[in-house]
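Number of protein chains: 2
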Amino acid sequence: MTENSPAAPPCSPAQPYSAPAVLDPHRARYAARTAGMTASEIRALFSVASRPEVVSLAGGMPNLAALPLQSLAEQTARIIEEDGLTALQYASAHGSPLLREQICDVTALEGIAAHPDDVVVTVGSQMGLDLVTRLFCDPGDVVVAEGPSYVGALGSFTAYQARVVHVAMDGHGLVPEALRAALRQAADAGQRVKLLYTIPNFHNPAGVTLAVGRRAEILEICRAYDVLVVEDNPYGLLGFDGQTYPALRSLDPDNVVYLGSFSKTFASGLRVGWVLAPPGVREKLVLATESATLCPPTLNQAIVSRYLATHDWQSRIESFRENYRERRDAMLSALERYLPQGCTWTTPDGGFYVWVTVPEGVDTKAMLPRAVAAQVAYASGTGFHTDGSGGRQMRLSFCYPEPDRIREGVRRLAGVLEAELAAGRDAGGNAGRALAGVGAHRARARCAPAPEVA
Amino acid sequence: MTENSPAAPPCSPAQPYSAPAVLDPHRARYAARTAGMTASEIRALFSVASRPEVVSLAGGMPNLAALPLQSLAEQTARIIEEDGLTALQYASAHGSPLLREQICDVTALEGIAAHPDDVVVTVGSQMGLDLVTRLFCDPGDVVVAEGPSYVGALGSFTAYQARVVHVAMDGHGLVPEALRAALRQAADAGQRVKLLYTIPNFHNPAGVTLAVGRRAEILEICRAYDVLVVEDNPYGLLGFDGQTYPALRSLDPDNVVYLGSFSKTFASGLRVGWVLAPPGVREKLVLATESATLCPPTLNQAIVSRYLATHDWQSRIESFRENYRERRDAMLSALERYLPQGCTWTTPDGGFYVWVTVPEGVDTKAMLPRAVAAQVAYASGTGFHTDGSGGRQMRLSFCYPEPDRIREGVRRLAGVLEAELAAGRDAGGNAGRALAGVGAHRARARCAPAPEVA
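Residue numbers (the numbering used here), protein chains in the order written: chain A, 978 to 1431; chain B, 978 to 1431.
By construction, these hints were calculated from the structure, which means they are not laboratory data. Owing to the predicted nature of the structure, the values given are computational and were not obtained by experimental measurement. One should not assume that every hint holds.
Pairwise CB distance ranges (calculated) [stated by the list, open to error]:
hint, chain 1, residue 1, chain 2, residue 2, range
1, A, Val1189, B, Asp1001, 46 to 54 Å
2, B, Glu1313, A, Ala1009, 51 to 59 Å
3, A, Gln1162, B, Glu1194, 54 to 62 Å
Residues of chain B clear of chain A, computed beta-carbon distances all greater than 12 Å [stated by the list, open to error]:
hint, residue
4, Val1025
5, Gly1148
6, Ala1163
7, Gly1219
8, Arg1298
Quick reminder that beta carbons are idealized off the backbone N, C-alpha and C, glycines included.
Just chain A, with the same shape it has in the complex (with noise of 0.2 Å):
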């Protein structure tokens, strides 16, 4: 006993605290999957980049700004008033029928015919994605990922003690002759290649889409070797000319996990997600959601329901879509006429995210405290590997800020990269040589000077 208080006081936020000791105390307790487990880069760097003078283009937050907020109001309050002591209540671990039936309207748009029986509501797409690493994951067993990756993804992963092997990509996604080789690889090694994760559209971090003609090839790639595909599609229908593409669950429904979102099409905040999995899968993963959280939280799966029952969700999507497009434009315009000769970036068209290789000699993790120092903020390329690589390479995000915040972030990252390559010169290392990067389609002139943004 340390401590008996039984009438302590509440606590008030002006309590003096006393901060964590070195040493855990219940560091010999903890479970062997928890050496993984540490803070991602992109994590640490959230509490700098969110003061307002730094300029973000690390996070991924969705611009939220074309939500209907007035009728999105409305809407809920008419589902508590009139159907409160449904909405927050328990409800089923499987998610609501009626959600479920939307849910196959919404991905109908990419080519899958499913039935809502096999679509398993999950908050949020990641906890899909910890959920199906639950169900198929022992420890030491292998997934396959694009190399970079989805740093959730990742984190995931290695909860579970699953070993990552990253795939290449180049400019049309994963790399087909890549996969095979790295499947040949693995089961020569006796290695247990459970899942393929992978992103084919609008990767995140590396902005490139899988091309059309390489997603059969990929998935029989995948069927010959006994690997299931988890396809995690969150940015599908953020195509910059509304263009999508057949999902890879519509090619294969029976080896794709497909993993679902409306973080990017509706409401982050919400945490409404989706599995459509084949049916042994989906029986399994209304079971771990059990264990995970009883249920997904009834009343958010209401909201949802009703806006896309009320709402013109694909007039809204496309408002989204016009609105990255926008940003996207700014901010490869800025690379375009900011960043140092050497440096070359991807072209997404959808999505969040460029891709940006910097030239060889800047360590982009380490450059990060100084770009913070600098107010603008990036993913380090590090972050998205299990294997260290990454370092040469940047994740910039257009999601969220405003175009001339972009243009501004640019011209003081291309302040930055310029400062590195010129202590790199002097110190008569090689920066500013090399061209390289996956998935690295044009590289730039010279910088233009830097105006100053309002």
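Dock chain B against the given chain A, drawing on the hints supplied.
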């Protein structure tokens, strides 16, 4: 490739659905941990028990009738109107700072002096349970839990391949000597006991409360055996006389992880709970939350926060309590009136549940289909154990149905039990003789004639 349907029509509920194949083609791919994932008996029950003609004494749904729906609707609308771009956006995995402060005010009612930094908001306390198990339990580690214990906790322990060792309770809760013996035995056997999982107040399913005089002793035993205590306390403010008990966490903050929930004191469908943990554990919980769901739903936290800030929530809990006390009284008097001789049951002074022990020779699991045929449902005791025991027990929930329905349900149950005992006597069995059971307080004389319920 089995199908290529880029222009597939949206599905509809009328669309025929082929049932899952008997053999799941993915069965060889699952992780070892899925072996223990099976539908709980209680879940299997929900579908039949939810038919309107069945009186369900099986579920644990809180009765939300006392919620001020009109005012909740208005306040929620205001949150979305005035602060929607924040409330519908991603937020911190740690949880809303304001809500974490308010949670400290709530836990202060049970003697806990907590700092908001040590509170982690979760998607219901089930998620807290899941993540705490994730942090501490390697496969084969032992979790000590009361016998019987909460079915959702047993599900989480099983999902992480922990072994559950049940420890006996009596009418005053967990028996310290039994705990000490179990820990000694585990130590002698070289087992690694990681957690004591306990529900000290108004136990689910046993309906008993851990005597205040036992609390320090139980904490000392856990300290002596280097076992972390997980205190699950969803019902602590639902004592029928307004009484509260000192939380274990208040007596030993450094060795207790406390799980709290707004599901029983506000609204279960919002899925807002919390973990209060020592700093090292809390930091890992935040990381685990990021893997699990990125962050808890933002809007839901804002709704709870606004409710706590603007409503007299303590008076509201008082109406919940009165409602449950009335139902508890209805159940106890019906048990007294109807149940056959030889049945015993606990007398809860808070919470949702009565734990009934039936005479020897009756198997509550085998009897369940016959009870459902007689239009009453309960949860058989075996679901609350991992060791097969509980066959002579059942959990009766009084939280949700109206008092008249409770009485009618118990009357029907009594009829089924009488028939069961008569069949046992006819078969020369020894039903109807013994008195037994954990926490059993009283037995009654004879079954009164059965009135009809309007």
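Do the hints match the structure? See the list:
1. A/Val1189 - B/Asp1001: 46 to 54 Å: Violated, since A/Val1189 and B/Asp1001 (Cβ atoms, about 30 Å apart) do not stay within the stated range.
2. B/Glu1313 - A/Ala1009: 51 to 59 Å: Check passed, 52 Å falls within 51 to 59 Å.
3. A/Gln1162 - B/Glu1194: 54 to 62 Å: 58 Å, holds
4. Val1025: 14 Å, holds
5. Gly1148: 23 Å, holds
6. Ala1163: 15 Å, holds
7. Gly1219: 16 Å, holds
8. Arg1298: 18 Å, holds
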